[in-house]
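Colleague: Listed below, chain by chain, are the residues.
There are 2 protein chains.
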Amino acid sequence: MKAQSPADAAGGQAGERPADLALRSIVHAFGQLERVMQPYFARFGITGSQWGVLRTLQRSEAAGEAGLRLTDLSDRLLIRPPSVTGVVDRLERLGVVVRDSVPGDLRAKRVTLTRKGRELVARVLAAHGPQVETIVAGLNAGEQADLHRLLGKLTNHLEGLLSKQEAK
Amino acid sequence: MKAQSPADAAGGQAGERPADLALRSIVHAFGQLERVMQPYFARFGITGSQWGVLRTLQRSEAAGEAGLRLTDLSDRLLIRPPSVTGVVDRLERLGVVVRDSVPGDLRAKRVTLTRKGRELVARVLAAHGPQVETIVAGLNAGEQADLHRLLGKLTNHLEGLLSKQEAK
DNA sequence: GAGGTTTGTTTAGCATCCTAATAATATACG
DNA sequence: CGTATATTATTAGGATGCTAAACAAACCTC
Numbered sequence: 001m002k003a004q005s006p007a008d009a010a011g012g013q014a015g016e017r018p019a020d021l022a023l024r025s026i027v028h029a030f031g032q033l034e035r036v037m038q039p040y041f042a043r044f045g046i047t048g049s050q051w052g053v054l055r056t057l058q059r060s061e062a063a064g065e066a067g068l069r070l071t072d073l074s075d076r077l078l079i080r081p082p083s084v085t086g087v088v089d090r091l092e093r094l095g096v097v098v099r100d101s102v103p104g105d106l107r108a109k110r111v112t113l114t115r116k117g118r119e120l121v122a123r124v125l126a127a128h129g130p131q132v133e134t135i136v137a138g139l140n141a142g143e144q145a146d147l148h149r150l151l152g153k154l155t156n157h158l159e160g161l162l163s164k165q166e167a168k
Numbered sequence: 001m002k003a004q005s006p007a008d009a010a011g012g013q014a015g016e017r018p019a020d021l022a023l024r025s026i027v028h029a030f031g032q033l034e035r036v037m038q039p040y041f042a043r044f045g046i047t048g049s050q051w052g053v054l055r056t057l058q059r060s061e062a063a064g065e066a067g068l069r070l071t072d073l074s075d076r077l078l079i080r081p082p083s084v085t086g087v088v089d090r091l092e093r094l095g096v097v098v099r100d101s102v103p104g105d106l107r108a109k110r111v112t113l114t115r116k117g118r119e120l121v122a123r124v125l126a127a128h129g130p131q132v133e134t135i136v137a138g139l140n141a142g143e144q145a146d147l148h149r150l151l152g153k154l155t156n157h158l159e160g161l162l163s164k165q166e167a168k
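Protein sequences, first through last, are from chains G and U. The first sequence maps to residues 1 to 168 in the working numbering. The second sequence maps to residues 1 to 168 in the working numbering.
These are calculated hints, taken from the structure and not from any lab test. Since this is a predicted model, take the numbers as computed values, not measurements. Among these hints, one or two may not hold up.
To be verified - To spell it out: a stretch of chain U is covered by chain G in this simulated footprint if at least three of its residues, at any positions, have a beta carbon under 8 angstroms from a beta carbon of chain G; those stretches are: (1) 25-32; (2) 65-73; (3) 145-157.
The beta carbon of each residue, even a glycine, is placed where N, CA and C say it ideally should be.
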């Protein structure tokens with residue numbers, strides 16, 4: 001064994017199998033997506049993660065809910081509570097959200113948009129539709145739907161794997 | 001659903017258009033993918049990013065190249081040089097790579113796998129094929145190929161957008 | 001109702017990524 | 001040749017995400 005025989009056999013060409021290609025294309029696409037979106041959000045003085053919180057709060061408000069607890073945001077954004085704490089901290093510092101108390105539960109805190117926050121959300125939303133269309137313009141409507149279907153199927157499968165992991 | 005007029009018109013349903021769905025499914029899929037992969041890499045004492053460097057070095061080595069400069073890694077991994085510095089720092093601390101000098105260029109440093117690093121790569125590669133297959137098992141081979149094709153098309157489009165951004 | 005468990009949030013500490021700025025070397029051009 | 005520019009790597013500082021652990025409050029069980 002003087003050369004890279006085991007490595008080569010196992011991995012030298014592994015990157016070319018359909019499974020590897022599919023996986024890498026997800027990682028790659030996501031990376032590029034982030035790079036395109038980041039300057040877009042920066043125009044509004046926020047980050048993509050912050051927009052996730054703002055959009056979620058706005059939708060909740062539109063649905064008539066009185067703010068969301070940190071835990072609710074964690075569930076909807078699929079990020080852990082400590083991460084939510086950090087993002088909300090920065091949004092609060094920006095003055096676009098506030099934490100108030102939840103009547104009947106002294107542990108919980110409810111996050112709501114401020115007037116300034118609502119104005120920001122409106123400003124972003126006004127630009128959002130065209131921006132999203134620009135981003136996915138590389139695919140026609142049918143391809144967009146196909147992509148959504150395939151990724152949905154994959155995500156369902158991954159969620160199954162995750163449940164098993166947690167169960168262990 | 002009669003009230004919330006501005007919010008509803010601008011954003012309430014925006015998440016349901018094919019373009020939005022496609023975009024969100026990428027973000028969602030990537031997030032789940034990370035969650036599944038992270039414990040897998042943790043078994044080997046590394047992170048996904050660190051594996052990216054190790055795999056790239058191993059491929060380079062298999063191609064007969066004498067190590068890669070930090071800049072080469074930056075190009076291949078699509079991350080900025082300062083990020084490469086950090087990942088390589090930690091890999092060096094783990095003893096799986098080393099930085100040596102590049103003959104003829106005192107600025108550059110070449111990163112190569114150590115013996116320990118090569119052993120680690122071999123160990124990961126041995127488990128890698130089955131793991132990748134498990135992950136994408138939610139899709140059949142044709143779907144995997146479709147996904148790769150669609151994401152490739154999207155990524156090409158995004159790269160076009162990025163060039164324009166940089167050109168500004 | 002007391003004690004144990006669960007839930008909601010935060011803190012601490014780590015890894016990743018970024019941009020901007022620094023330092024050092026290489027290259028190119030006048 | 002000598003200065004101006006470009007390249008290579010790093011540092012500094014910020015944002016995001018994670019896990020583990022701490023804490024308080026709520027719930028549940030006996």
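Colleague: Taking the hints in turn, state whether each one holds.
Modeller: These are the hints, each one checked on the structure:
1. 25-32: The restraint on the stretch 25-32 of chain U holds, since 8 of its residues have a Cβ under 8 angstroms from chain G and three suffice.
2. 65-73: violated (count 0)
3. 145-157: Satisfied; 12 residues make the cut.
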